[in-house]
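Whole structure, please, built from the sequences with the hints as guidance.
Protein chains in written order, with the numbering used here: chain L, 6 to 122; chain Z, 8 to 162.
Take the hints with a grain of salt, since some may be wrong.
[Said to hold, decoys possible] With beta-carbon atoms standing in for the labels, derived distance ranges: (1) Z:S29 with L:R103: 27 to 37 Å; (2) L:K12 with Z:Q131: 36 to 46 Å; (3) Z:R112 with L:G83: 27 to 37 Å; (4) Z:E73 with L:P91: 40 to 50 Å; (5) Z:R154 with L:G69: 51 to 61 Å.
[To be verified] A few chain Z positions that, by computed beta-carbon distances, are all more than 12 Å from chain L: (6) A66; (7) S68; (8) A70; (9) C97.
Source of the hints: derived by calculation from the structure; they are not laboratory data.
By construction, the Cβ of each residue, glycine as well, lies at the ideal position given by its N, Cα and C atoms.
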Amino acid sequence: MSDALEKALDRISRVRGMRGLMWVSADDGLAVAQLLMEGVRGKAVAALAAALARKVSGAAGAVGAGPVRFVQMEAEGGTLLVARAPSDLLVVALADSRVNIGLARLEMMRAVEAVKV
Amino acid sequence: MSTTVVEPWTEQPLLRFVGQSSARLVVVMTPAGQVLAQHGFTRAVDLMSAAALGAAIMAASGALAEQVGERAFGALFHAGQRHGILLAPCATPQGALIVLTVFGRETSIGLVQLFYDEFAAALQRAAPAEAVRGPVLGADFEADLNRSLTSLFRR
Chain L
6 MSDALEKALD RISRVRGMRG LMWVSADDGL AVAQLLMEGV RGKAVAALAA
56 ALARKVSGAA GAVGAGPVRF VQMEAEGGTL LVARAPSDLL VVALADSRVN
106 IGLARLEMMR AVEAVKV
Chain Z
8 MSTTVVEPWT EQPLLRFVGQ SSARLVVVMT PAGQVLAQHG FTRAVDLMSA
58 AALGAAIMAA SGALAEQVGE RAFGALFHAG QRHGILLAPC ATPQGALIVL
108 TVFGRETSIG LVQLFYDEFA AALQRAAPAE AVRGPVLGAD FEADLNRSLT
158 SLFRR
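Structure, rendered in structure tokens:
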């Protein structure tokens, strides 16, 4: 399982502009596997991405939108992408402004599919 | 939720930690179980029980660490169905402290740990240099305990 998770991160990391990638436990906000550039605070990204996913899921539930599969948060300094996988996992990507969001999303959803089995 | 302190220098770091982490209950105590600050408790008996149990758990895990050749263990985390507990040490100029944090499903251990690190650093900075302490006497202990309870529960 650990190998599959790391391979999936490696594949997403080939998208230009990626600064950090992690599998995060959605309930705990702790990193399960990670691939980070120097200077990225993995612990903080994991905890805050899980909190963001939880809040967005709560909001989606409140308006009857159903389960959230993908969250994209753009900020001045970069973008945070979060995709929900089975087994209580999130795939989290931290990217700079050059990132091709569509490609990153595609690779992240592929990673989610890959860890389903 | 109320926050009360015996040692004023613990107040600002504690308020910030509670606000950031969304913790439900927090106790800052000495390794002997003497409470320096608390958040969220309404009854003295619950607070004193939690402090005594937290101190006992840390002492037991410290003894276990020695048995397996470790100097000390770090933080302890227990995950429950509705609550999680983080029991962590914190070194300050006043000596070692223990922080017991109880949190619910509205936050996560990742967030609590993240902000705990900042809290521990803030306590370290805020703590005054160690005061000279006299010997601990039975009579002093009871008076100290009563003073602490009065400060924490304002009665």
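Give me the numbers of the hints this structure contradicts, sorted from smallest to largest. none
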